[in-house]
Amino acid sequence: MNIEIVQGPGNAAAKVSLGANETITAESGSMIAMNSHLHMNTTTHSRGGAGGLLKAVKRMFAGESFFLNHYKAGQEGGDVYLSTPLPGDMMTHELNDESLIVQARSFVACGDDVDVDLGWQGFKSLLSGESMFWIHLKGTGPVILNSFGAIYPIEVDGDVLVDTGHIVAFQDTLDFSITKAGKSWLHSFMGGEGLVCRFHGTGTVWCQSHNPPSFGLQLGPMLKRRPR
Amino acid sequence: MRSEIQGAPSFAYIHVDLEPGESVLAESDAMASMAADLDMRVRFNGGNIFTALLKKLFGGESFFVNEFQNNSSGSKRVTLVQGTPGNLRQVDLNNSSVCLQPGAYVASSPGVKLGLSWAGFASFFGREGLFRLKATGTGTVWYGAYGELVEKNVEGDYIVDTAHLVAYEPQMRLKVQLAGGVFSSLLGGEGFVTRVEGTGKIIVQSRSLHGFSRWLNPKIY
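In order, the protein sequence lines correspond to chains P and S.
Positions 26 to 253 (my numbering) are the ones given, in order, by the first sequence.
Positions 1195 to 1415 (my numbering) are the ones given, in order, by the second sequence.
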């Protein structure tokens, strides 16, 4: 399988070239074009096995689709292009029997041997009052992610704070807690930064340059009310 | 202090590397990520509650700004960005000023003072606000807008569509007028425009959120 990010960073798409009998698992609705001989199969789980339905319910809870689509190539292989609704960049990351924590809206696709689950830290984030959900990707193979804006990695060595709306993904070698950005809670909320994620340890966190809620705050007041 | 704008032109953001003792000021919510040992403090926009209130009400700016101060012993990074997608510009002031459209300000170094001055009713009707934000002093100021930023040297006068003027040199004067005759101004969709008079540099944005929302609104049902 070969993955190429094309037309980045403004309006990126991922071109996935599948070899014979290879499969890519993608978020529902992310396919924009593909060879007609590819076989598409829709399930509630990323890999065969039990618990698929429960995972699907959890994904739905996180604002992701209930279903995952699997694109399988025949003997001759084939291409599928994947994209997302938000303008911005995409990235690929190769997992080698390891884990990656992905902000739910950034997940696009992964290889067949990567397990997709929403179990990790989900409720901690919920209790903190932020509507943030994490997808836990685990296994071996490629992962495709998207962002609102450009993506920049931070190699954490010492502590780093990231605004909750700017996180794309991070390695699970990092500890993470939800905390305040300023010296005090009052400063953090008055300063408009509110809650941030504090990463501790050694590993990489990928950030998106732009924050969808911040854009919404500026655009929202100019939009008309939806008729009831 | 070292800084670098990346992601331009569609999604520009600023990496600012602060040396020990240095600080940078940024608008509320501009911080995307930062080293945890930088100290973030809230300040009234303009230094006191009165100016902050004026800026909030009339300058289209936030009530509070954040100050990021490096009290550690090494170089530390803070990454700043505006709320909308678009380009950013860095201006190095040397005992000089630049005037900014409401909402354009993103960040500045401590030597730059942000003031509010009367812009006139012309500016108000041009959807640029009654007051204008003026950055004065010696240091760096970063500003941006939705879309790409286009620089234009004006000699005499120049016409800019309303809500597309981002920044201009302080000696420039603004007036509002119809784009053409009464008939063509209304039917041609241009309506009012801003007339910039004087000799100096102006910055125009290629897109506007007003235009985008006008396009988007009929699609909401």
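Derived from the structure by calculation, the hints contain no laboratory data.
Small disclaimer: the values here were computed from a predicted structure and weren't measured.
A portion of the hints provided could be inaccurate.
[To be verified] Taking CB as the label site, the calculated pair distances span:
(1) P/T227 to S/S1290: 41 to 49 Å
(2) S/I1243 to P/T67: 52 to 60 Å
(3) P/G241 to S/K1369: 54 to 62 Å
(4) P/T68 to S/V1344: 25 to 33 Å
(5) S/S1311 to P/D140: 55 to 63 Å
(6) S/N1288 to P/I30: 36 to 44 Å
(7) P/N27 to S/Q1371: 53 to 61 Å
(8) S/R1237 to P/L242: 19 to 27 Å
(9) P/S61 to S/D1211: 45 to 53 Å
(10) P/P238 to S/R1401: 55 to 63 Å
(11) S/H1209 to P/I30: 32 to 40 Å
(12) S/Q1371 to P/D184: 52 to 60 Å
(13) P/D140 to S/D1233: 35 to 43 Å
(14) S/K1369 to P/L244: 26 to 34 Å
[Said to hold, decoys possible] Taking lysine-lysine and the DSBU-like style, the derived pairs with C-alpha atoms no more than 30 Å apart in a straight line are:
(15) S/K1369 to S/K1346
(16) S/K1413 to P/K249
(17) P/K205 to S/K1346
(18) S/K1413 to S/K1395
(19) S/K1307 to S/K1395
(20) S/K1346 to S/K1307
Every residue gets a Cβ at the ideal spot worked out from N, C-alpha and C, and that includes glycine.
Each hint, compared with the structure:
no.: 1; hint: P/T227 to S/S1290: 41 to 49 Å; result: holds, 45 Å
no.: 2; hint: S/I1243 to P/T67: 52 to 60 Å; result: holds, 57 Å
no.: 3; hint: P/G241 to S/K1369: 54 to 62 Å; result: violated, 34 Å
no.: 4; hint: P/T68 to S/V1344: 25 to 33 Å; result: violated, 50 Å
no.: 5; hint: S/S1311 to P/D140: 55 to 63 Å; result: holds, 60 Å
no.: 6; hint: S/N1288 to P/I30: 36 to 44 Å; result: holds, 42 Å
no.: 7; hint: P/N27 to S/Q1371: 53 to 61 Å; result: holds, 58 Å
no.: 8; hint: S/R1237 to P/L242: 19 to 27 Å; result: holds, 21 Å
no.: 9; hint: P/S61 to S/D1211: 45 to 53 Å; result: holds, 51 Å
no.: 10; hint: P/P238 to S/R1401: 55 to 63 Å; result: violated, 20 Å
no.: 11; hint: S/H1209 to P/I30: 32 to 40 Å; result: violated, 22 Å
no.: 12; hint: S/Q1371 to P/D184: 52 to 60 Å; result: holds, 55 Å
no.: 13; hint: P/D140 to S/D1233: 35 to 43 Å; result: holds, 41 Å
no.: 14; hint: S/K1369 to P/L244: 26 to 34 Å; result: holds, 29 Å
no.: 15; hint: S/K1369 to S/K1346; result: holds, 17 Å
no.: 16; hint: S/K1413 to P/K249; result: holds, 10 Å
no.: 17; hint: P/K205 to S/K1346; result: violated, 42 Å
no.: 18; hint: S/K1413 to S/K1395; result: violated, 37 Å
no.: 19; hint: S/K1307 to S/K1395; result: holds, 20 Å
no.: 20; hint: S/K1346 to S/K1307; result: holds, 25 Å
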